[in-house]
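Novice: The primary structure of each chain is shown beneath.
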Amino acid sequence: MSSDTRVATRAAEAPVADAGSVWQALAGGPTGFLGSLWPLRALGYLLAGGVLGLGWLFLAVGLVLVGIVLLPTGIGVVALLCVPASAAGLAGLERRRLRWLDRRDAPSPHQDASEAARDEPGAGGNAARRALRRLWRRTKSPATWVELGFAVPNAVLSVLDLLVAVVGLGLVASQPFALFTVVGGDQVMYGEGIVLTEAAQVLPWLLLTPVFAALACYLFAALAGARATLARAVLVGPRREKELDARLTEVTASRARLADAFEVERRRIERDLHDGAQQRLTGLIMTLGLAKLDADPALVARAQDEARAVLAELRDLVRGIHPSVLTDRGLGAAVEALAERSALPVRVADGLGARRPAEALEVAAYFAVAEALTNAAKHSGASYAAVTVRGGEELTVEVRDDGRGGADPDGGTGLTGLADRLAVHGGRLRLSSPPGGPTVVRIELPWTDGQDGRGTA
Amino acid sequence: MRLVIAEDSVLLREGLSQILARFGHEVCAGVGDAPALLEAVAEHAPDCVVTDVRMPPGLRDEGLRAALQLRAERPALPILVLSQYVENSYAAELLATGDGVGYLLKDRVGDVAEFTEALERVAAGGTAIDPEVVRRLLARDREPAELRRLTPREREVLAAMAEGRSNGGIARALVISEAAVVKHVRSILTKLDLPPAPDDHRRVLAVLAYLRRPRAVR
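As you go down the protein sequences, you meet chains Z and Y in turn. Per my numbering, residue 7 is the first one in the first sequence, and the count goes up by one each step. Per my numbering, residue 5 is the first one in the second sequence, and the count goes up by one each step.
This list has only true hints and no planted wrong ones.
Which chain Z residues face chain Y? A few, computed with CB under 10 Å, are given here:
| hint | residue |
| --- | --- |
| 1 | R277 |
| 2 | Q285 |
| 3 | G289 |
| 4 | M292 |
These are computed hints drawn from the structure, not numbers from a lab. Ideal Cβ positions, reconstructed from N, Cα and C, are used throughout, including at glycine.
Start from the sequences and build out the full structure, keeping to the hints where you can.
Specialist: As structure tokens, then:
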């Protein structure tokens, strides 16, 4: 549920995601850029990045030294484990800092904290144990090592950040400083023969300050932009975004297919009712009308036959919507019933016994089996089929026939629709159907227990 | 009289033919789809047509369309439309083509005598509107103040009138004298501010138009 919402939000933001980044500010022309806060933001980004990068380097070197020295005591191991974890911490800060320079989301490639907490078996133990466990999980994550790979060269680059920041600021400050110096009675020497001793001499040079300032602004913005792009490329990790995109596409597509399938199903039921039961009942009413006029026993007998036919029709229809034996006796019995009605001889091996999965799983599996058996009887030319039902970690149902094979999931909508229905419950459908047969349809659904005592009332 | 029947269910077609034969009518053609209906009418020039709404090829409202087309080509041909569902707009479209039309739910056929009476009324240039259509129009939630001025008996007469019954038919259905019906009808028309209509069909139109007219939300 929450992950769905997140996916949807991401998709909605995508079209405006590129708005308002430092690159756009640069592209926007000099007047807009120089008048904006972007140069200051870029400077702040560089200074903070430099401090963070170098700070992490010292921390990491310290941890490694402590780790090596204390290795025999065991605390050293913890210290060493802290090195990649600290890189992950730095990466987290870097991701957050990215938002200074562009408004795009910068999701972490790590597992969500809530998900991680859920995965953690038994949240018991004292705080130290929990912290250790968290540390170990961080260390195991591949994303952490990518972040460590980023942090080391980043430390070197952060020296460049600081250098550029300082040089830029120095350039801007140089002429005002020269004026200050001259006024204070000292002299300033600009190379061979250019010695300034009076304020009036410095004033023309002061005109250079805006040029230097503009230059510095561009320098800051370009470097900060480049650093942010690099950090985004490595730390935000296209892996997760691409994966989410792919999942979103698949979810959207399968949802549309499901909606279509439901609509088709509703039409089928409506048509079945209209062409079947309704017509027969109307016919029955007519026959009864005639019988009333003539009091003819033959007509009454016909009316009774027609009433029976309506009932049979309704029974078939209801079974098509939801077979009551499934609710009352469970999947095994329902599959047996399917087998009895099938045009093919079908052998059923029910490995579930008294165990019952959740009703939704039973329904999904039942209709998958029904479809598979129908396909086997209609298209495969098989002489028999076998259904195997098993429980455990997963509910697995296998339908095997000895037909000619070559079943194509893209050929009819049946199998795709089945796969979608199973996917709703986190399950899947595997089809093996080499030309010449045999065809095996395997349904796998993660097991969820049904309610106790259901069906015994 | 000579009839053409259009109904895609063989079961119902046979049943209808049997009932009509029982009452001395001749079914000169029983067909299963709309194009065949148009052909059969051209070939047999029947006195009356009975048709289903939903028929092949599209299984939508082909029967009704064919009926409207037939009415456009031969305005004097009486047509009775049978439907599995009540759709007030279908009734309105049929009524708009003039008198000699009927729109009934299929299960009315079971009341064999009533059904044949309605059919004969339509064949004679009258109107037959299903009581269900009338009931729905009468039961709309925002009932006008005028309707509440009617006595219960007058409401019954109004409903029968809307179904297309003549004064004699209303008298028979409600088991009252025809003079009493005439009195009730005059009272209803006055209370509802409707003009006295020269024939039954116009009277039906006036009553239905009154029932169908949009009402102000209070």
